[in-house]
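A.B. asks: Chain residues, written in single-letter form:
Number of protein chains: 2
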Amino acid sequence: MEVGIIGLGLIGGSLGLDLGDRGFTVLGVSRRESTCQRAIEKGIVDRANINLSLLSNADIVIICTPIGLIVPTLKELIPHLSKKTIVTDVGSVKTPIVEKCSKLWDKFIGGHPMAGTAEQGVEAAQRDLFKDAPYVITPRANTPKDSVKLLEEIAIRLGAKVYQCTPEDHDRAVALISHLPVMVSANLIKTCLGEEDPLILKLAQNLASSGFRDTSRVGGGNPELGVMMSQYNQKALLRSLLEYRQQLDQIIEQIEQENWQDLKQILEITKSGRVPFL
Amino acid sequence: MEVGIIGLGLIGGSLGLDLGDRGFTVLGVSRRESTCQRAIEKGIVDRANINLSLLSNADIVIICTPIGLIVPTLKELIPHLSKKTIVTDVGSVKTPIVEKCSKLWDKFIGGHPMAGTAEQGVEAAQRDLFKDAPYVITPRANTPKDSVKLLEEIAIRLGAKVYQCTPEDHDRAVALISHLPVMVSANLIKTCLGEEDPLILKLAQNLASSGFRDTSRVGGGNPELGVMMSQYNQKALLRSLLEYRQQLDQIIEQIEQENWQDLKQILEITKSGRVPFL
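So the protein lines, in turn, are chains A and B.
Sequential numbering of the first sequence, starting at 1, is according to the numbering used here.
Sequential numbering of the second sequence, starting at 279, is according to the numbering used here.
Hint data in this document are derived by calculation from the structure and do not stem from the laboratory.
These numbers were taken from a predicted model, which means no experiment stands behind them.
Incorrect hints may appear among the rest.
[As the list claims (entries may be wrong)] Listing some non-contacts, in silico: residues in chain A with all C-beta distances to chain B over 10 Å:
(1) 193
(2) 207
(3) 241
[Said to hold, decoys possible] Lysine-lysine pairs mimicking DSS-like chemistry, simulated, CA-CA at most 30 Å apart:
(4) A/202 to A/145
(5) B/542 to A/100
(6) A/83 to A/100
(7) B/353 to A/271
(8) B/513 to A/271
(9) B/381 to A/235
(10) B/423 to A/202
(11) A/264 to B/353
(12) A/235 to A/202
(13) B/362 to A/264
(14) A/131 to B/353
(15) B/480 to A/149
(16) B/542 to A/235
(17) A/202 to B/480
(18) B/549 to A/202
(19) A/202 to B/427
(20) A/161 to B/423
(21) B/513 to A/202
(22) A/100 to B/378
(23) B/549 to A/235
(24) A/264 to B/513
(25) B/361 to B/385
(26) B/409 to B/439
(27) A/107 to A/83
(28) A/264 to B/542
(29) B/423 to B/439
(30) A/161 to A/131
(31) B/542 to A/202
(32) B/385 to B/353
(33) B/361 to A/202
(34) B/513 to B/381
(35) A/107 to B/480
(36) B/427 to A/271
(37) B/381 to B/362
(38) A/202 to B/362
(39) B/378 to A/202
(40) B/378 to A/75
For each residue, glycine too, the CB sits at the ideal point set by N, CA and C.
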């Protein structure tokens, strides 16, 4: 079976390594000739080219570009595609992608393998990146069942834990556990930096330890990524942020009113309620 | 030199081990006879007793009880104390403690060694717990200088990084980097648990990974500790929470208004602004 991968960075490259190991013929497309060369040298792909026509006979094509390029890439790809080809993506937001892409191509299925490292690019590609990681597949009501089944089988062969849901449910879930934490965490740093007394700011910097480090980690991450999730998952993220603010007002009120019993109850709920997320 | 330690848990016990190693005579007081015995067996103290009269000739007494017991313990201790004795504490909030204790005892100096582990009790005591950790000393204008100097020297001999500031500045700094993160993090868990659609809640639990885990860690911690910091540091924590909410409104507005350029700028500031806290 021929698998095409467009975009040979961390995700695309790691998919190529694993799929090659599992007997698939892997065809890679990158915009840069040098990346194609490296992907061949590293054994990520069997063949690589800067031209999408390489994928004309692929059984499935996985678009692994940055999220903003998924739709334009599919548009460019379609003239080269055979009718049988299933197309999927790896974008971290699904609703706007699936909406546009399924209009362009019947056999498009949204996908989101939730794995990564801090590294980027073809050199970061590694084996078994998706092992035990969630792989969310977001078909629509009219997505062909056999296409969904094929993508699911591939994800299982990668060792991933496969979940199926609507694009909208995916986006609401990741807004809660991935995009909201970024904003909550960034806003913690922002609040500390907003301290107007330079002595207290300096002291805070000196005294900060693991609690601050962990809570602020994702808020100190890649700014482009934060903006991207806000743009593409705007509705679900706003919904989470507004809910967060309302819940925060309750905590503030309890501290203002010295309602320690209720505050303790909340902290007991958050302590035990965190466990099923781990 | 004789050092008295009241409360032989993680902090008191670890102080005893280190101070003994450095040639001090360590006298321990615990409410429980069994803890006194264990502290002697483990080499934490030279002598131990359930009676505060053991400390009648100590040069310095370190109160290592839970924060709510610091003032009552000092009141009980005073009838036994020699006039020369310096008294300090290890509480994580300083303003209300220092205010009350310095009225009771001239030679009281607030202290806060910022080290710990997840463990508690005399069995958790360990050597070098305070090495490279901040040790904040919060004298008032009228605290005798030689008393401050002695406490500072002891903290330096523990290998700690010593900072001096007012109790109020200490409490504002720890509100920002320690108490605010707990509430921000707890409120993230609370928001996720508040998701009304059980399918999305379940999906969120399945998809949550390291970003959620780190951001939610301190919010899933000891509820008693969270309530205690809110009670004792109420004013500074509320100030931080209200500032946090105001800053959050700015982020929400930028996402609502699709003001991506400004949002990116904020995320660039939080990325680089986090570094001096690490």
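A.B. asks: Give a verdict on every hint.
C.D. replies: So, going through the hints one by one against the coordinates:
Consistency note on residue 193 of chain A: stated as away from chain B, yet its beta-carbon is not over 10 Å from all of that chain's, at 5 Å minimum. For residue 207 of chain A, the requirement that its beta carbon stay farther than 10 Å from each beta carbon of chain B is not met, with the minimum near 5 Å. Against the 10 Å criterion, residue 241 of chain A falls within the reach of chain B, whose nearest CB is about 5 Å from its own CB. Taken as a hint, the residue 202 of chain A and residue 145 of chain A pair is broken in the structure, with Cα atoms around 59 Å apart against an allowance of 30 Å.
Annotation: proposed proximity of residue 542 of chain B to residue 100 of chain A holds, straight-line Cα distance about 26 Å (limit 30 Å). With a C-alpha separation of about 18 Å, the suggested pairing of residue 83 of chain A with residue 100 of chain A holds against the 30 Å cut-off. Proximity of residue 353 of chain B to residue 271 of chain A is assessed by CA-CA distance (about 35 Å); at most 30 Å being required, the pair is judged violated. Of the supplied pair hints, the one linking residue 513 of chain B and residue 271 of chain A holds, its CA atoms being roughly 24 Å apart against a limit of 30 Å.
Between residue 381 of chain B and residue 235 of chain A the alpha-carbon distance is near 56 Å, which puts this suggested pair outside the 30 Å criterion. At most 30 Å may separate the alpha-carbon atoms for a hinted pair to count; residue 423 of chain B and residue 202 of chain A meet this at roughly 24 Å. With a CA separation close to 28 Å, the supplied pair residue 264 of chain A and residue 353 of chain B stays within the 30 Å bound. Restraint check: the Cα-Cα separation between residue 235 of chain A and residue 202 of chain A comes to about 37 Å, which exceeds 30 Å; the hinted pair is violated.
Taking the CA atoms of residue 362 of chain B and residue 264 of chain A, the gap is near 41 Å; set against the 30 Å cutoff, the hint is violated. Pair hint residue 131 of chain A plus residue 353 of chain B does not hold up; C-alpha atoms about 60 Å apart against a cutoff of 30 Å. A threshold of 30 Å between alpha carbons decides the hint, and for residue 480 of chain B with residue 149 of chain A the separation of about 23 Å falls inside it, so the pair holds. Using a Cα cut-off of 30 Å, the hinted pair residue 542 of chain B and residue 235 of chain A holds, with the two alpha carbons roughly 18 Å apart.
Taking the CA atoms of residue 202 of chain A and residue 480 of chain B, the gap is about 42 Å. The hint is violated against a cut of 30 Å. Simply put, residue 549 of chain B and residue 202 of chain A have alpha-carbon atoms about 17 Å apart, close enough for the 30 Å limit, and the pair holds. For the given pair, residue 202 of chain A sits about 23 Å from residue 427 of chain B by alpha-carbon distance, which is consistent with the 30 Å threshold. The hinted pair formed by residue 161 of chain A and residue 423 of chain B fails the criterion: a straight-line CA distance of about 63 Å is larger than 30 Å.
Between residue 513 of chain B and residue 202 of chain A the alpha-carbon distance is near 20 Å, which keeps this suggested pair within the 30 Å criterion. Using a Cα cut-off of 30 Å, the hinted pair residue 100 of chain A and residue 378 of chain B is violated, with the two alpha carbons roughly 66 Å apart. About 24 Å separates the Cα atoms of residue 549 of chain B and residue 235 of chain A, which keeps this hinted pair within 30 Å; it holds. A hinted pair counts as satisfied when its Cα atoms are at most 30 Å apart, and residue 264 of chain A with residue 513 of chain B qualifies at roughly 18 Å.
Simply put, residue 361 of chain B and residue 385 of chain B have alpha-carbon atoms about 9 Å apart, close enough for the 30 Å limit, and the pair holds. A C-alpha spacing of about 8 Å is found between residue 409 of chain B and residue 439 of chain B, which places the hinted pair at or below 30 Å, so the restraint holds. Among the hinted pairs, residue 107 of chain A with residue 83 of chain A is consistent with the structure: their alpha-carbon atoms are about 9 Å apart, no more than 30 Å. For a cut-off of 30 Å, the pair hint linking residue 264 of chain A to residue 542 of chain B is broken: about 37 Å separates their Cα positions.
Simply put, residue 423 of chain B and residue 439 of chain B have alpha-carbon atoms about 19 Å apart, close enough for the 30 Å limit, and the pair holds. With a CA separation close to 8 Å, the supplied pair residue 161 of chain A and residue 131 of chain A stays within the 30 Å bound. Taking the CA atoms of residue 542 of chain B and residue 202 of chain A, the gap is near 25 Å; set against the 30 Å cutoff, the hint holds. The hinted pair formed by residue 385 of chain B and residue 353 of chain B meets the criterion: a straight-line CA distance of about 14 Å does not exceed 30 Å.
At most 30 Å may separate the alpha-carbon atoms for a hinted pair to count; residue 361 of chain B and residue 202 of chain A exceed this at roughly 36 Å. Between residue 513 of chain B and residue 381 of chain B, the direct Cα distance comes to roughly 21 Å. Compliance with the 30 Å bound is thereby established for this hinted pair. Distance restraint check for residue 107 of chain A and residue 480 of chain B: the Cα-Cα separation of roughly 28 Å lies within the 30 Å cut-off, and the hinted pair is therefore satisfied. A distance of roughly 41 Å separates the Cα atoms of residue 427 of chain B and residue 271 of chain A; the hinted pair therefore is violated under the 30 Å criterion.
For the suggested pair residue 381 of chain B and residue 362 of chain B, the alpha carbons sit about 16 Å apart, so the restraint of at most 30 Å is met. Restraint check for residue 202 of chain A and residue 362 of chain B: not satisfied, since their Cα atoms lie roughly 35 Å apart, outside the 30 Å limit. Taken as a hint, the residue 378 of chain B and residue 202 of chain A pair is honoured in the structure, with Cα atoms around 27 Å apart against an allowance of 30 Å. With a C-alpha separation of about 72 Å, the suggested pair residue 378 of chain B and residue 75 of chain A falls outside the 30 Å cut-off, and the hint is violated.
In terms of the numbered hints stated before, the structure departs from hints 1, 2, 3, 4, 7, 9, 12, 13, 14, 17, 20, 22, 28, 33, 36, 38 and 40, listed from lowest to highest.
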